[in-house]
Amino acid sequence: MAQSQAYYVPHGSNWPIVGAVGLFLLMLGLSTTLNGLGFGPVLAWTGVAVVVVMLVGWFSTVIGESEGGTYNQQVDRSFRMGMTWFIISEVMFFAAFFGALFYARQMAVPWLGGESNNFFTNLLLYPGYENTWPTNGPGAIGGEYEPMAALGLPALNTAILLSSGVTITIAHHALKDNNRSVLNWGLFATFMLGFLFVTLQAYEYHHAYEAMNLKLSTGIYGSTFFMLTGFHGLHVTLGATMLVVIWVRCLKGHFTPNHHFGFEGVAWYWHFVDVVWLGLYIFVYWL
Amino acid sequence: MSTAAATHEHHDHHPTGIMRWLTTTNHKDIGTLYLVFSLTMFLVGGSMALVIRAELFQPGLQLVDPGFFNQMTTMHALIMVFGAIMPAFVGLANWMVPLMIGAPDMALPRLNNWSFWILPMAFSLLGMTLLFPSGAPAAGWTMYPPLVLQTGDAFPFLIFAVHLMGISSVLGAINIIVTIMNMRAPGMGLLKMPLFVWTWLITAYLLILVMPVLAGAVTMLLTDKYFGTSFFQAAGGGDPVMFQHIFWFFGHPEVYIMILPAFGVVSQVIPTFARKPLFGYDSMVYATASIAFLSFIVWAHHMFTVGMPLAGQLFFMFSTMLIAVPTGVKVFNWVATMWKGSMTFETPMLFALAFVFLFTIGGFSGLMLAIAPADLQYHDTYFVVAHFHYVLVPGAAFGIMAAVYYWLPKWTGHMYNEKLGKLHFWLSAISVNVTFFPQHFVGLAGMPRRIPDYSTQFADFNMISSVGAFVFGFSQLLFVYVIWSCARGGQKATDQVWEGAEGLEWTVPSPAPHHTFDTPPVIR
Chain G
145 MAQSQAYYVP
155 HGSNWPIVGA
165 VGLFLLMLGL
175 STTLNGLGFG
185 PVLAWTGVAV
195 VVVMLVGWFS
205 TVIGESEGGT
215 YNQQVDRSFR
225 MGMTWFIISE
235 VMFFAAFFGA
245 LFYARQMAVP
255 WLGGESNNFF
265 TNLLLYPGYE
275 NTWPTNGPGA
285 IGGEYEPMAA
295 LGLPALNTAI
305 LLSSGVTITI
315 AHHALKDNNR
325 SVLNWGLFAT
335 FMLGFLFVTL
345 QAYEYHHAYE
355 AMNLKLSTGI
365 YGSTFFMLTG
375 FHGLHVTLGA
385 TMLVVIWVRC
395 LKGHFTPNHH
405 FGFEGVAWYW
415 HFVDVVWLGL
425 YIFVYWL
Chain P
47 MSTAAATHEH
57 HDHHPTGIMR
67 WLTTTNHKDI
77 GTLYLVFSLT
87 MFLVGGSMAL
97 VIRAELFQPG
107 LQLVDPGFFN
117 QMTTMHALIM
127 VFGAIMPAFV
137 GLANWMVPLM
147 IGAPDMALPR
157 LNNWSFWILP
167 MAFSLLGMTL
177 LFPSGAPAAG
187 WTMYPPLVLQ
197 TGDAFPFLIF
207 AVHLMGISSV
217 LGAINIIVTI
227 MNMRAPGMGL
237 LKMPLFVWTW
247 LITAYLLILV
257 MPVLAGAVTM
267 LLTDKYFGTS
277 FFQAAGGGDP
287 VMFQHIFWFF
297 GHPEVYIMIL
307 PAFGVVSQVI
317 PTFARKPLFG
327 YDSMVYATAS
337 IAFLSFIVWA
347 HHMFTVGMPL
357 AGQLFFMFST
367 MLIAVPTGVK
377 VFNWVATMWK
387 GSMTFETPML
397 FALAFVFLFT
407 IGGFSGLMLA
417 IAPADLQYHD
427 TYFVVAHFHY
437 VLVPGAAFGI
447 MAAVYYWLPK
457 WTGHMYNEKL
467 GKLHFWLSAI
477 SVNVTFFPQH
487 FVGLAGMPRR
497 IPDYSTQFAD
507 FNMISSVGAF
517 VFGFSQLLFV
527 YVIWSCARGG
537 QKATDQVWEG
547 AEGLEWTVPS
557 PAPHHTFDTP
567 PVIR
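Heads up: the protein sequence lines correspond to chains G and P, in order.
Per my numbering, residue 145 is the first one in the first sequence, and the count goes up by one each step.
Per my numbering, residue 47 is the first one in the second sequence, and the count goes up by one each step.
Hints in this document: simulated from the structure, not taken from any laboratory.
Glycine is no exception: its CB is placed at the ideal position from the N, C-alpha and C atoms.
One thing to keep in mind: the hints can contain errors.
[Unchecked claim] To spell it out: a stretch of chain G is covered by chain P in this simulated footprint if at least three of its residues, at any positions, have a beta carbon under 8 Å from a beta carbon of chain P; those stretches are:
(1) 245 to 258
(2) 281 to 288
(3) 343 to 350
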């Protein structure tokens, strides 16, 4: 693949401003929807459409440039560093919700139960409320519920995500060895496992809402459970979609054994999603 | 110089008019966009401050109703923090970091454009709430629940505007880190980088680590209000204090995000006008890194009165005081740089000197606030307002002004009007003290912040403070005029601009051509 010597500096692009307008419409739409205005959802979906058009257009340009040999190794390194720091910012986003979970379990709930110097507060405001986990608080917000067990579906989902980590590694090695059919099948298996995970989680949510009365509004337990697993599920969906894109590119013959940042960026993202799940499984489901 | 620039412009075929600015991927264009946006927001946020000071000119309720007053305090803070100070520093980074490290542009130019254009979108979203019947957000920029959950229709606009600002900041920070780590000219080792580049590198790390946490915090507010979660509700097992912990885990590093690049600017300006290399370069780098590290373990000093275990109070008190050590190192080094230098006092140097002196005052009042038992008296009084305005106005904002005067000739190719610059400095430096110094006194005497009315014993100091604020506010129109006239014309600037200036940015023509360092320079 021919590589130019100088660092590639693009001259002008329409996609970023399209993306900014799309985000504006999306956020305006969401805000007006929450305020109960009828045109809100229309605006929000228009925003989503514009953002999707932007993503397709922008990535097509970048993929075209990459396959055309525009990028030298220094550009490749910029992409790697950029993706690394993007993933770190995502880690910090999850850290906020994990922080909320730990704070609730280690501080808020014990204090409501009268620990530390809160004996009289407990006696006066929440008589009889004890520090337990899971809990929906002294007000029993959301009513009687059944907590989610760690074994069963969540354990199966853990196995599914961990196996998808293995299949993407197999695909990566195949790409390096220029074994394209193993690469394609490895990627196919990975995103299929990803979508299977999301499907099972949707089933789990349905079961929680219908059969267990465990909802987003089930006190602090329901809040942390659904926010953490929900945002994770969103990231799995996004990651699996990225995998599909990479898979299509592989089918088209993109990537070479030593030039495949697009593949690696998605693989890193997939491993990140995987590791977050392990944290979730341990702290949300298990302990 | 201008011919060189013209030939560069020529072979480029970039679009003209509005499309140039909408689609640009050039770091200098984007830097200009950021700076102009920030200056606009500075004036908008400043006008809100003047509404506040006009109401506080006398005790009693005169001009605005208390609800609107609260909207003004909230919007003033949000606009100044996220719309004026932060974008100004990102603009400076865009313009100067590639020039200072000998890079052809930012590492990810298209992303750079996106980071900028998200910002006006965010502030349109936030600003339009002023027109709502139920008004703009009014619960303070810290958005504490449960109060903030009473916000009217403006609430989701506030939350999503903060999300957009966060996206913009994180993408901008990623770009800056990648540029600095990957685009330095050959031979420019990390410990050869100009200090402005170093402070921005560390600032960018802070941004990436804390902006997503803010996003998480406001997302929880959103779900608490609209989707029935109980994160900040004791009845459901949550805790409103938890929001404060998460918010300030973002909020304290945020404070350093707004001051570290100013440290960098001052560390460029003082050596130039003292005509001596920066004293203790390595220790400056290590001090910056230490401040950044410490910023992650001091957040609860914003919440001493809210209730926390004694061990927590002690830990956060002592860790906060530790910050004085690396900050002291920096102040010492700036002073030592000037020691026996051949100093001249052009406008950038004046702003830098005022920065060193007045920021130190703000630092000292910070130390007073750090003492947990004493903070019970100071908390939520005007003493706090005086403290953070001393570090933000003659701190961060003066840092930005020093930078603008310092690099304006490089950007425009003209010298600004030195007389008017000096006049702007003296008006600002005097009025900023008239505005904020008396606030220490009313604060110590117990005047609460965010209140549109006050007891009569605070009247005199408030009147002085308001007079100072109006002088300061209108002086900034002079700043706008100086920048505008410098962009239009004036005495031609040389490449080096300042006699004592050193660094790669002074080796390119003034004005800097559209593209610089297409082939990297060689650093000895």
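For this session: Determine which of the earlier numbered hints do not hold for this structure and return their numbers in increasing order.
Result: 3
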